[in-house]
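Trainee: One-letter residues, chain by chain:
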Amino acid sequence: MTTVNAPKISEYKEATRIERVGAQSHIRGLGLDGDLEPRNISQGMVGQKKARKAAGIILNTIRAGKIAGRSILIAGQPGTGKTAIAMGIAKALGNDIPFTAMAGSEIFSLQMSKTESLTQAFRRSIGVRIKEETEIVEGEVVEIEIDKSATSGAKTGKITLKTTEMETIYDLGAKMIESITKEKITSGDVITIDKVSGRISKLGRSFSKASEFDALGPQTRHVQCPEGEIEKRKEVVHTVTLHEIDVINSRQKGFLDLFSGDTGEIDSEIRDQIDSKVAEWKEEGKADIVPGVLFIDEVHMLDIECFSFLNRALESDKAPIVILATNRGITTIRGTTYKGPHGLPIDLLDRCLIIQTEPYNEAEIRSILEIRCEEEDVEMTEEAKEVLTKIGVDTTLRYAIQLITTANLVAQKRKSNEVDVEDIRRVYSMFIDHVRSTQYLRDHQAEYMFDEYQKQAQKMQVE
Amino acid sequence: MQSQNNQYLQFVGKPHITAVIAGGRRRVNYTFEDKSELVEEYDINNHELITRKWKKVSNIKESQWIYEVGEAPIDQQSELKLSNTNPIFVRKDTPQHFQYRVRNLSYPEDVYQLEVDENTQEIVIRTSNKKYYKRFAIPDMRRANLKLEQGKVTHVYKNNTLIVSYPKPDQILEREYQIRQEFDKLNKKKPKEGDLECVQQ
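These protein sequence lines are chains E and P, in that order.
Just so you know, we're using the numbering used here here: the first sequence kicks off at 32 and counts up by one.
Just so you know, we're using the numbering used here here: the second sequence kicks off at -10 and counts up by one.
Simulated from the structure, these hints should not be mistaken for lab results.
It cannot be assumed that every hint is accurate.
To be verified - With a cut-off of at most 20 Å between alpha-carbon atoms, the simulated EDC-like pairs for lysine to aspartate or glutamate come out as follows:
no.: 1; chain 1: E; residue 1: Lys193; chain 2: E; residue 2: Glu262
no.: 2; chain 1: P; residue 1: Lys45; chain 2: E; residue 2: Glu266
no.: 3; chain 1: P; residue 1: Lys45; chain 2: E; residue 2: Glu163
Said to hold, decoys possible - If you want the ones that stay clear, here's a sample from chain P, every Cβ over 10 Å from chain E, calculated:
no.: 4; residue: Leu38
no.: 5; residue: Val58
no.: 6; residue: Gly59
no.: 7; residue: Thr116
no.: 8; residue: Pro158
Stated by the list, open to error - Some chain E residues judged to face chain P by a derived CB distance under 7 Å, without partners named:
no.: 9; residue: Met133
no.: 10; residue: Glu196
no.: 11; residue: Glu198
no.: 12; residue: Thr199
no.: 13; residue: Tyr201
no.: 14; residue: Asp202
no.: 15; residue: Met207
no.: 16; residue: Ile222
no.: 17; residue: Glu260
no.: 18; residue: Met332
None of these values were measured; they are calculated from a predicted model.
Cβ atoms here follow ideal geometry from the backbone N, Cα and C, with glycine treated the same way.
Here chain E stands alone, though its shape is the one from the complex:
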């Protein structure tokens, strides 16, 4: 009889939550310099200079906010950085400007008609900037004390904030404790807490604590310790989207629907009312309209009805800037039997400015792989990088990127911190890319179920 050892419960350390790394999470911006010239490797973007430069011009058009309803189409082969450019634009615009990203197929929903989905997507991309006075708490953090109760597991905490003139201690509720842990707030940070919404913003690190650490994160800013009172009334600028205003007004307790995501169809009368209200606020100076960006990826999945709707919607003066992306060539336009370039009808294409993306060359692939290695926290030897680059050139960029973490796991199994050529070779043989897969299928077709070739052969035999 084997005895089963219970795993030792190791000390639970309150480590900061590790955030999952996404395919585009290394993109921080478009990587352009002051003259809108793209730097070769910057802010996570590599190469693709023409497209990035064009995107930079679009960025400035968006920021100026004066031109509504422009549309841009980013077209290129798979794995050439289309989504990455859109992400770059989103990050470069910042949090102020609403950026809605969606995939073409999301339009099709059982709960809403296609035009309703599109209208909602449009209205999600137009923000209304409202100036309001709220009470905020602003100060430098002196200390944070968080206790976990042994009996109930509930967390309680206190935070001491100070300014140049005073100090105050606050009791923290559970949600506040979570925000503080998530934002990794420590002693010496200068923070602002909105009392009403509970939102915490880190303004930077206090100058007085600047000498404590030599190495700080890339985003660290040093600010003065705030002066005066800790609790202040400040004018805060909220940005809500038109869609959110629609939902709140469409029914009782409508704001709860915003959280559940189930908004359903909204009457056009309500929308008209909201439009006139917002125009009124604009007149009174209470609010500003901020046209944002709607990014529709895989736009070839939309059908002809959606395209006609888009044509019309783009002409309104309230339309956001629409960025479309597709990797299709000359394909059938869904909903018709006609073919069109990129799967889009020519009248829509006419309204778009088209940015082409091109496949990367070997040096660029190598840089991208290096950036991804850093992002995924993987160390790799030079030879391994060479091999991986070659794989990326021969097969596809995405396949090479996916090998990074898998190779890392294989390397860890043989107790090494660095990924070497043998690890790459192993994962290359374990996971095949689509080219080899297709080849394999061609060779071994007959052995697969429901094989067309087999049926054909059987049919011929019967006859």
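Fit chain P to the given chain E structure using the hints.
Mentor: Same frame as chain E, now just chain P:
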């Protein structure tokens, strides 16, 4: 600083006034043209002002009461609340003075410095040990367009409480006298809980 102006909520146009006896106090409700409200509660017998609170109507979110005199009820559910070790700042006038009390202050008497900031028309409480700081204006003076004068602010420290006083100018004393007269007249009718009264402004 610029946003402080909004705090000193002014009478906007002619308000609609109602008064009610509730909870042993006389509650006067002013409703203004822009739908904002002012509620004042006076002690029934000596007509002392116990509470004064304002509510401005907001388009986007729920409005909240802003307490000018008296303490707002503490929101137990709030995620961020002042720890009970902190000093508490309260206004409670006497017949001759505007009076502000800061309770729970445990620092020695010589630590406290008071002055009038004439630019912002505020009274400032400083502490030499940098533990407590408060700036506040007297809304009644603002509304009457009277200036705060340096040297008129006095303070006393006892029982862990700092009491700051500023003498009420004649104009304000006049008005309060008139209000007391008005309430005396209403009291003659021997009002009971829940009675509605007519108030002339």
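Trainee: Return the numbers of the hints above that this structure violates; sort them in rising order.
Mentor: Going through the list in order, the structure violates hints 7, 9, 16 and 18 and respects the others.
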